[in-house]
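The listed protein sequences derive, respectively, from chains A and B.
Mapping of the first sequence onto numbering that gives the first Met the number 0: position 9 corresponds to residue 8, and the numbering continues sequentially without gaps.
Mapping of the second sequence onto numbering that gives the first Met the number 0: position 25 corresponds to residue 24, and the numbering continues sequentially without gaps.
It should be emphasised that the hints constitute simulated quantities derived from the structure, not laboratory data.
Accuracy of the hints is not assured; some may be wrong.
To be verified - Below 25 Å or equal to it, Euclidean Cα-Cα: the simulated PhoX-like pairs (lysine-lysine) are:
1. B:Lys323 to A:Lys25
2. A:Lys88 to B:Lys153
3. B:Lys268 to A:Lys90
4. A:Lys88 to A:Lys98
5. A:Lys94 to B:Lys153
Computed from a predicted structure; not experimentally measured.
Each chain, written out:
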Amino acid sequence: MIRDILGYKCRKCGSISYPNHYRCPKCHHTEWRKMDVEFDTLPLPKNGTLLTYTHLYALPPDYEQVFLTLGIVELENGNRLTGQLKIEKPKIGMKVKGKVEVVRKTDYDKYYGIVFYES
Amino acid sequence: MREVYIVGIGITSFGRLEYPLVEIASYPSVVALQDAGLDTVDHLFVANMGGGRINHQTALSSAVLDHLSLWPAGSETIENGPASGSSAVKLGFQAIASGMCETVLVAGAERMSEVNQLDATDFVATLTHPMAEQIYGITLPALAGMFTRLYMEKYGVTRRHLAMVAVKNHGNAMDNFFAHVHTRVTLEGILDDRDAETNNPVIADPLHFFDMCPVSDGGAAVVLASKEVAKKLGKPMIRIAGVGQATDTHAVHERPDPTELTAVRLAAKRAFEMAKIEPKDVNVAELHDAFTILEIAESEEVGFFKKGEGHLALERGETQITGKIPINPSGGLKAKGHPVGATGVAQVHEIVLQLRGQAEKRQVKDPKIGFTCNFGGFGNNVVCTVIKKEE
């Protein structure tokens, strides 16, 4: 099964944002339906350019590893994502490709998110 | 709008405190009331971030009010992340400026040592975006690390500059009895020595241990009053001349330029406009240096230095106590400590101490105007104040 990160497309101005906002960050448009806001969702591209990164050694207690590599990536469509990196020697400006994997496990839950690899 | 004066101040030692949270808030409150010469107030604001989560104490302000026997004054607990303290000062300011109150007690308190260091960092990380940041293991140090890497790349800031902030602020804290860390830090020890990597291990590269503030317990309080009351009390007339607040996107990656702290710039601008002064008029400042890079970045965004030149001013010693614009004479969050809810109130406490000329060995020479910047989230909710001494 291929998993995606979904971007939220405004039905009025067409801008795509991630994460979602109750009102469009660009035009403040809200479309109400069934007591809930409905944006059109669409899978975000997974390839992009690494903007910045860090190796984090002070991890939340539920991680059983020494460090995590985290970064911000600008995707091909201009949207940005924060995610984990599985890249040995990251460099600002390098091309990366993303895959949706388990990024965090707690006692009862697992969370899926984007992990970037060297492309 | 009525004028608002700071007539009393109080603080606890920062560090590990073996007292309940309610007492950490109450002690500086009593000190501040005594300093003001007031027996009671119209209203109490208590700034705190983690009471409900880590201390099992909700409705903290009611508990503190009861502890201080201040009934039937009104009270609220103010939670605005690491900017809770300044938010509470802002609300106290509004309560008096609006004419609703004559006197307000603002206390800030946090007791982080109830949990271990990892849980404390995890607790602070709950302020990040739950879907876009938190699930990845993002903590505040990680956001600061990514910010620092970009800043270094763009403006030529080096690890040496960051270490210079740590050395300066730890040096200032040596003269602050209430500071959390009383250790003289040298560039050799944390940067050049062959043991430097052991003394100063990497936490979120390029940030190292000595680029981070400690996890502290502590409390601070100030008493605010209208001009009429302040005159009667006969304390030095120290006025909150300007307050500004601004916000930014929750997820850091959504900001157009990740090296800009837009909320800091706007909050400072609003505070300066209300006070009708310019950044160059400020004689002493307390900036939110939870990470060393933030002192440099904020000193530029608030307008003390041009963008990208804060580290050069630091090199020239302009931010030392004897410099052109002394920054963090108290030791800052870096060395004085960062009990999150108390920090904003403690910054105001230090500025009042400086304006009154009571800062002893770390006294800045004859300051007239002070400035504070309290940075909530990773720059998504920022409160700045301008505080002025009147003759």
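Given hint Lys25 (chain A) paired with Lys323 (chain B) - CA-CA distance at most 25 Å = Measuring from Cα to Cα gives roughly 41 Å; hence the hint is violated.
Is the Cα-Cα distance between Lys88 (chain A) and Lys98 (chain A) 25 Å or less?
-> 18 Å, holds
Are the Cα positions of Lys268 (chain B) and Lys90 (chain A) separated by 25 Å at most?
-> 36 Å, violated
Is Lys88 (chain A) within 25 Å of Lys153 (chain B), Cα to Cα?
-> The hint holds at about 20 Å.
Is Lys94 (chain A) within 25 Å of Lys153 (chain B), Cα to Cα?
-> 19 Å, holds
Violated hints, in rising order: 1, 3; the structure is consistent with all others.
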